[in-house]
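Asks: One-letter residues, chain by chain:
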Amino acid sequence: KQEVTQIPAALSVPEGENLVLNCSFTDSAIYNLQWFRQDPGKGLTSLLLIQSSQREQTSGRLNASLDKSSGRSTLYIAASQPGDSATYLCAVRPAGANSKLTFGKGITLSVRP
Amino acid sequence: NAGVTQTPKFQVLKTGQSMTLQCAQDMNHNSMYWYRQDPGMGLRLIYYSASEGTTDKGEVPNGYNVSRLNKREFSLRLESAAPSQTSVYFCASIIRQGLYEQYFGPGTRLTVT
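Just so you know, the sequences run in chain order A and B.
According to this note's numbering, numbering within the first sequence proceeds without interruption in unit steps and concludes at 118.
According to this note's numbering, numbering within the second sequence proceeds without interruption in unit steps and concludes at 146.
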């Protein structure tokens with residue numbers, strides 16, 4: 006059974022710092038991995054989708070990498086801002102018919118002004 | 034293009050009452066999902082519909098029923114609400130399971146007293 010782990014559960018950094026959020030998964034047979042952002046009391050917003058054949062994806066100040074063989078993904082946030090404060094979740098879609106996303110529990114990020 | 038919409042946003046029920054949570058998407062997606070999110074438990078899949086006319090149980094289906102009314106709409110029904118069903122409920126959709134990005138609605142916050 007696929008398991009997705011995000012450690013630490015919470016992170017606090019000063020504004021301007023470059024930071025890396027980690028995600029690990031136990032089964033490397035995946036279609037893709039998706040990073041989401043969730044603001045308090047809100048739904049999940051998709052940030053980046055990386056297919057299993059890709060190594061990384063970029064969107065603005067965000068860069069997500071995927072190392073399928075080691076079961077790891079990282080979300081890199083450059084020049085963090087207080088507006089980046091949110092919970093970041095990663096989810097993997099296992100390979101196979103009718104596969105469904107398996108979610109990590111998220112990392113709550115606080116960027117201090 | 035509204036994406037995934039959910040109604041209501043908030044609801045308070047007494048134990049034993051019934052209600053239906055509504056979800057609709059305007060992206061012509063084939064697959065739709067219902068999740069619940071609880072502190073410390075992460076997102077758990079309740080039911081999903083891989084395509085119009087099909088529904089299947091997820092990880093935590095007990096106490097719930099679903100209806101895929103048409104391609105756009107997927108409803109979740111609580112027949113006899115229990116305090117253990119106090120949660121935030123999210124609907125999601127994807128064009129079809131596999132290589133694509135999954136989108137979420139804004140959520141329904143349900144309290145059962």
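Where hints are given, some of them may not hold.
[Unchecked claim] Below, simulated PhoX-like cross-link-like pairs (lysine-lysine); rule was C-alpha separation at most 25 angstroms, straight line:
#	chain 1	residue 1	chain 2	residue 2
1	A	K6	A	K47
2	B	K104	A	K110
3	B	K104	A	K6
4	A	K110	B	K90
5	A	K73	A	K6
6	A	K110	A	K6
7	B	K104	B	K42
8	B	K47	B	K104
9	B	K42	A	K47
10	A	K73	A	K47
[Unchecked claim] Here are a few chain B residues that sit away from chain A, every Cβ distance over 12 angstroms (derived from the structure):
#	residue
11	Y97
12	N103
13	Q130
[As the list claims (entries may be wrong)] Footprint (simulated), chain A over chain B, 3 or more residues, beta carbon under 8 angstroms:
#	region
14	50-58
15	136-144
Simulated from the structure, these hints should not be mistaken for laboratory data.
For glycine and all other residues, C-beta sits at the position ideal for the given N, C-alpha and C.
Asks: Look at each hint and say if it fits the structure.
Replies: A quick look at each hint next to the structure:
At roughly 29 angstroms between alpha-carbon atoms, K6/A and K47/A are farther apart than 25 angstroms, so this suggested pair is violated. For the hint pairing K104/B with K110/A, the CA-to-CA distance comes to about 30 angstroms; that exceeds 25 angstroms, so the pair is violated. At roughly 30 angstroms between alpha-carbon atoms, K104/B and K6/A are farther apart than 25 angstroms, so this suggested pair is violated. Proximity of K110/A to K90/B is assessed by CA-CA distance (about 21 angstroms); at most 25 angstroms being required, the pair is judged to hold.
Taken as a hint, the K73/A and K6/A pair is honoured in the structure, with Cα atoms around 16 angstroms apart against an allowance of 25 angstroms. Taken as a hint, the K110/A and K6/A pair is honoured in the structure, with Cα atoms around 16 angstroms apart against an allowance of 25 angstroms. With a CA separation close to 22 angstroms, the supplied pair K104/B and K42/B stays within the 25 angstroms bound. For the hint linking K47/B to K104/B, the alpha-carbon distance of about 32 angstroms lies beyond 25 angstroms, and the restraint is violated.
Simply put, K42/B and K47/A have alpha-carbon atoms about 10 angstroms apart, close enough for the 25 angstroms limit, and the pair holds. This hinted pair does not check out: K73/A and K47/A have alpha carbons roughly 30 angstroms apart, beyond 25 angstroms. Remark: the non-interface label on Y97/B is consistent with the geometry, its nearest Cβ contact in chain A lying 16 angstroms away (cut-off 12 angstroms). No beta-carbon of chain A is positioned within 12 angstroms of the beta-carbon of N103/B; the least distance is around 21 angstroms.
The non-interface label for Q130/B is inconsistent with chain A: the shortest C-beta to C-beta separation is roughly 6 angstroms, within 12 angstroms. Evaluation of the coverage hint for the region 50-58 of chain B: breached, as 0 residues show C-beta separations to chain A shorter than 8 angstroms, against a requirement of three. Note: the region 136-144 of chain B has 6 residues with beta-carbon separation from chain A under 8 angstroms; the three-residue rule is met and the coverage holds.
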